[in-house]
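Undergrad: These are the residues of each chain, in order.
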Amino acid sequence: MSTSIPNITFSRRNFIRTSSLASGGLMIGFNLFTACKPDAKVPVDLASLDYSDFNAFIKIAKNGAVTIFSPNPEIGQGVKTAMPMLIAEELDVAWDKVYVEQGVLDTKNYTRQVAGGSQSIRHGWDALRQTGATAKQMLVNAAAARWGIEASECTVSEGVITNGKGETLGYGDVVEDAAVLEIPENVTLKEPKDYKIIGADIKNVDIDKIVTGKPLYGLDYKAEGMVYAAVLRPPAFGQELESFDAEEAKAMPGVIDVIKIGAKAKELLSKEKISWTAQLSPSEKVVVIAKTTWDAFKGKKAIKATWKDVSALEDSKYQDDKLVSLLDGVEFNTLRNDGDVNQAFAEADKVLERTYESPFLPHNTMEPMNFFANVTAEKIHLVGPVQTPEEAANTVAQLLDRDIEDISLEMTRMGGGFGRRLYGDFVYEAAEISDAIGKPVKMVSSREDDMTMGVYRPAIKYRIKAAVKDGELTGYYLKEAAVNGNMYGLIPNFFPAGAVENYKVDVASYPSKITTGAWRAPYTNFLAYAEQSFFDELAEVMEVDRVQLRLDLLEKVKGTTDERIQYSPERLQAVIKEVVDKSGWGKQPEGVYQGFVAYYCHNTHVAEVADVQMENEMPVIKKVTCVADCGIVVNPLGARNQVEGGIIDGIGHAMYGDFAFKDGVPQSKNFDRYRLIRMKEVPEVEMHFIENELAPTGLGEPTLPPAGGAIANAMKAATGKRVYKQPFMADPSFWKTTAKPIIG
Amino acid sequence: MATYQLNINGKSHSVDVSEDTPLLWVLRDHLDLVGTKFGCGIAQCGACTVHLDGSAIRSCSTTLAQVEGKSITTIEGLSEDGYHPLQEAWKEVDVPQCGYCQAGQIMTAAAFLENNPAPSKEDIKNAMHGNICRCASYNRIFKAVEMAAEKMG
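Top to bottom, those sequences are chains A and B. For what it's worth, the numbering used here labels the leading residue of the first sequence as 1178, then goes sequentially. For what it's worth, the numbering used here labels the leading residue of the second sequence as 313, then goes sequentially.
So that you can see chain A by itself, here it is in the shape it has in the complex (with noise of 0.2 angstroms):
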């Protein structure tokens, strides 16, 4: 539910500590999130930060400066540049005095450093803003103490005191003092409406270096004495390796050895507790070390390896009729359950039934994966792109049975994440391959690798039926069948749940050998594409208004007192009124056609029009307007960034996203062969946020699930055809409006 921003003032002692840097200066640390430990001291040269006791810092040198650590992986959502924005606001210091360094991994205190679930800018919003606005105060302390006066005679503005006479003092003048003093038990924080820094467009902090092609990635990353490797692995989940000749392989030019690994990972999936990140194939693998990237390409593809069938091979075809006989069969998990949808579908004047299907997805993110690992008998270096930093470094100790006070992680830029780096597979890969030749080395996936060591997206099918008496959706219920499982926890408790007496959410799955996982906005990704076309059809079953239905639904579940329900009835008719005025929603220009949809998801609400029109006998998507409720807006250009981001990524992979399988095997292994939305298949995206002073929530994926319903919606009205099955262009003669409208 909403939440103000509270003007919370707890004791500082719990998570920050400051110290004289040796090199003059005012070195602050500080845990986001939780509290440090008692006896945690901040290091007092830059050379020995080493993460342990605090998770970020930031450093105030004497001539004024202002380093920031940001702690929180980058993978594209802009964390990076958007969280010390908020260190940056409170501290008072011009944006463009500070630098942001990328922090490294804290082994120690166990805090939320994760890029997944657009929740960085969520949980940081509060210790990063205190964090500023404490070390601001040390700093306004230190100069009023000089001067003698009290602090409140004091002002500042971008990095300068100013006292009742007009003298000024630097940050940098008196940060020598600052750094021995107590830090303050309680501060104020800014009202919003005093933000400079919060809610100002601020670019990308990469973007120089990205721009002219400097190092940043994990693929950049070299090491002196590093080898290349390249990883062999089954075909077909399901398979596990047999034997293998590696004769013509080792003769290659640049080939240095061929391996094999596999057994320490194999042991590890046997043990009790592992982390749910370790989302690994359990066969041996063959390995390819070589000079060069190219080398090693070469020599993975001059082995011959048999491989074993240890279970059932899938077909996609198996998978659907498996999932089909879920839906029709009786084994639920019952995560929601109000009244009695069977009575309210027994008295119901109309009853919709309707089943969507979807098929498994992989993240192909642009940067393969890869990882860089350095075993040695002292201690083990890890470098490279991973969501779950913590998660890898804890399971590598796991894997070689080493101590996690051996390990050290630097994180890399990402290449793309969309969930496939929050699983620690290649960072395990990386690690058992270095341990076994005693070599730095850098394991690196071809894109046919990766397309197929994927951990996808799980296929999934839901059935939902509505039942409606009296003109009123009385019965409501959802039945969801997926690959290992998909949707869990709070989403039963989203839109329409609170809004229908009588609501069910049921959900069963299979446990397949194909590793399965979280992908951008998990678990509603396509549940939205589902539930928002269900809505359009139910509109028109009910005949009322497709925003209207929304509304008066929405219009019951205020004040409600479920406590379980997650989204705001008022927020959300506050982004659809907007949507409908923004979009000139039934207002359009003739050959015009228009979606709408509304949802909730990763705290935020959403929604969003399509406009499509037809061109060739063809539906095409032009344009979508889009309205967010993210609270404060804390960097527009990059919330923009964000919102069309998620909505053209929604739409592309709704339209064109298919992978299937034949015998456990991939059947699309790069992009000949799996289609991702391109320049001229782009529509216009226009964005709107609602302005308010409510603490902000996520945009990394909450307009991605509802786009795929938006073009559906609008595909349907241009052409009359509704589609139950995504990709929708996996026919595109479907959609030829001489076709003939088939209902499923």
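No wet-lab data here; the hints were simulated from the structure. Note that the Cβ used here is the ideal one computed from N, Cα and C, for glycine as well. All the given hints hold, so there is nothing to weed out.
Computed footprint of chain B on chain A, listed as stretches where at least three residues anywhere in the stretch have a Cβ under 8 angstroms from a Cβ of chain B:
1. 1589-1598
2. 1810-1822
With a straight-line Cα cutoff of 25 angstroms, these simulated BS3-like cross-link-like pairs (lysine-lysine) come out:
3. A:K1857 - B:K455
4. A:K1399 - A:K1437
5. A:K1373 - A:K1236
6. A:K1857 - A:K1898
7. A:K1857 - B:K437
8. B:K455 - A:K1759
9. B:K437 - A:K1799
10. A:K1391 - B:K323
11. A:K1800 - B:K433
12. B:K403 - A:K1391
13. A:K1616 - A:K1443
14. A:K1800 - B:K437
15. B:K455 - A:K1799
Given the coordinates of chain A, work out where chain B should sit on it, guided by the hints.
TA: Just chain B, lined up with the frame of chain A:
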């Protein structure tokens, strides 16, 4: 193995590699020019785009025999200190999200604008259609190319 003389960003380099080594991996692994990115290895995504005598090519599918004696330009050599109008426009528009594909996008656009200094919207879309951006920053890529074209024109 064979020895090749390469002219990259105005400098001469001698490399000793097997004949089938793609230009991409020579740039990245042998010469430490890692701005050119590996995306697919089969000329489908455009992340590895460089210039060969001013034309955009996919370095992942180009052998050294094809480029010897010709002038190769990578993102590192597109301009001094990143002041090419496209790089400036990329910063102005704040195009990147993850940023990984952007060097390839810029190189594709740079070769395109050399040959077509006053492109139509349709021209830009056609020229950039071959480069994948998984973060879907396409509309900003389009805007930045249009902005650079105006400045250069």
